[in-house]
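Enquirer: Based on the provided sequences and hints, a complete structural model is requested.
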Amino acid sequence: ETGVTQSPTHLIKTRGQQVTLRCSSQSGHNTVSWYQQALGQGPQFIFQYYREEENGRGNFPPRFSGLQFPNYSSELNVNALELDDSALYLCASSRGGGASDTEAFFGQGTRLTVV
Amino acid sequence: AQSVTQLDSQVPVFEEAPVELRCNYSSSVSVYLFWYVQYPNQGLQLLLKYLSGSTLVKGINGFEAEFNKSQTSFHLRKPSVHISDTAEYFCAVRLLNAGKSTFGDGTTLTVKP
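Line by line, the protein sequences are chains A and B. With my numbering as the guide, the letters of the first sequence map in order to residues 1 to 115. With my numbering as the guide, the letters of the second sequence map in order to residues 1001 to 1113.
Hint data in this document are derived by calculation from the structure and do not stem from the laboratory. Incorrect hints may have been included.
Claimed, not checked - What the simulated footprint calls covered on chain B by chain A, stretch by stretch (three residues with Cβ under 8 Å from a Cβ of chain A suffice, anywhere in the stretch; the number is not a length): (1) 1037-1043; (2) 1058-1070; (3) 1073-1085.
As the list claims (entries may be wrong) - Short, incomplete list of chain A residues facing chain B, as computed with Cβ under 8 Å: (4) 38; (5) 41; (6) 43; (7) 48; (8) 55; (9) 56; (10) 60; (11) 61; (12) 86; (13) 90; (14) 94; (15) 103; (16) 104; (17) 106; (18) 108; (19) 109.
Don't be surprised by glycine CBs; every beta carbon is placed ideally from N, CA and C.
Expert: Structure, rendered in structure tokens:
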């Protein structure tokens, strides 16, 4: 148990719809990173939030957006869903602060299926 | 930019045999190095990490890894595997001042009785 909680665990959406995934970070952590893991691949970095501000973004289109709240929990929003968005979405929390950010703790993930 | 190459996509091994999962990385700056394990339908669990200091790092479940700067490698080893070690293993690198981790494509370790 890492203390990082993601909801929902599974989700089925139709192409073109919008989805919101949620992540509660571990106590004492102020940084949340989101990753997309397609079947048979390693996780790909989507973006990171540090103290409610976006703090780095990977190669994902603008229809992938996020938020971080004052309690450091976070949301990942995906608009205009495409079939290729089907994946396991992982959230990771850490302490942030540059060189002191040495380890991220991952949640169990949300399995999104787009049909 | 950083990249990670896991040299074997699948490693089958018999129970109680030793195993090595290979990982090479590319980076123009210093990085932290990690190995994670992922069981079916679960998130990632940290096995071990290299931040600095001794190049031989010991982790959980009897795993260890050796950082080789000249060969830019971070291979994972276990002297005697168990059936329960069957899982997907990911090598990852992370910049010292950034939270983004770059992962390899994973190695499926299958331990056979």
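Enquirer: Next, verify each hint and record whether it holds.
Expert: Now for the hints, and whether the structure bears them out:
no. : hint      : verdict
1   : 1037-1043 : holds (count 3)
2   : 1058-1070 : violated (count 0)
3   : 1073-1085 : violated (count 0)
4   : 38        : violated, 10 Å
5   : 41        : holds, 6 Å
6   : 43        : holds, 5 Å
7   : 48        : holds, 5 Å
8   : 55        : holds, 7 Å
9   : 56        : holds, 5 Å
10  : 60        : violated, 12 Å
11  : 61        : violated, 18 Å
12  : 86        : violated, 15 Å
13  : 90        : holds, 6 Å
14  : 94        : holds, 6 Å
15  : 103       : holds, 6 Å
16  : 104       : holds, 7 Å
17  : 106       : holds, 4 Å
18  : 108       : holds, 4 Å
19  : 109       : holds, 5 Å
In this structure, the hints that do not hold are numbers 2, 3, 4, 10, 11 and 12, in rising order.
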